[in-house]
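Asks: Go ahead and model the full structure; you've got the sequences and the hints to work with.
Numbering (this note's numbering), first residue to last: 55 to 130.
The hints are simulated quantities; they were obtained by calculation from the structure and are not laboratory data.
There may be inaccurate statements among the hints.
To be verified - Computed spacing ranges between beta-carbons, pair by pair: (1) 98 with 58: 27 to 37 Å; (2) 111 with 58: 14 to 24 Å; (3) 61 with 98: 26 to 36 Å; (4) 90 with 62: 30 to 40 Å; (5) 92 with 115: 32 to 42 Å.
The C-beta atom is built at its ideal place from N, Cα and C for all residues, glycine as well.
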Amino acid sequence: MFREFITSLSDNPAKQTAIDLMKRAENLVAEELAKGNQKKENPEINNALIEQLQDIAEQLKPLQTAAQFTDPKTTG
Numbered sequence: 055m056f057r058e059f060i061t062s063l064s065d066n067p068a069k070q071t072a073i074d075l076m077k078r079a080e081n082l083v084a085e086e087l088a089k090g091n092q093k094k095e096n097p098e099i100n101n102a103l104i105e106q107l108q109d110i111a112e113q114l115k116p117l118q119t120a121a122q123f124t125d126p127k128t129t130g
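Replies: Here it is, written out as structure tokens:
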């Protein structure tokens, strides 16, 4: 819901920031999945990936809060 809400907005710096952060998270997860598919046994925990995703989530919080004030349906 959040992604759909963000993409429906008119162009502005906050929208672009949110889109960039979501793309960054998607790319990180895609890279890790590709690595995981290559190593089927004894997968290692990638703490750097976890920290990067936590950072992205923290940066998205104010944008999601603003979205919730604008459209309560984005709380899902």
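Asks: Given the hint of 32 to 42 Å, is the C-beta distance from residue 92 to residue 115 inside that range or not?
Replies: holds, 33 Å
Asks: Using the beta carbons of residue 111 and residue 58, state whether their distance is inside 14 to 24 Å or not.
Replies: Check passed, 18 Å falls within 14 to 24 Å.
Asks: Quick check on a hinted range of 26 to 36 Å for residue 61 and residue 98, using CB atoms only.
Replies: With Cβ atoms ~35 Å apart, the hint holds.
Asks: Holds or violated: 27 to 37 Å for the Cβ distance of residue 98 and residue 58?
Replies: At roughly 35 Å between Cβ atoms, residue 58 and residue 98 fall inside 27 to 37 Å, so the hint holds.
Asks: Is it true that the C-beta distance of residue 90 to residue 62 lies inside 30 to 40 Å, as the hint says?
Replies: holds, 33 Å
Comparing the model with each numbered hint stated earlier shows that all of them hold.
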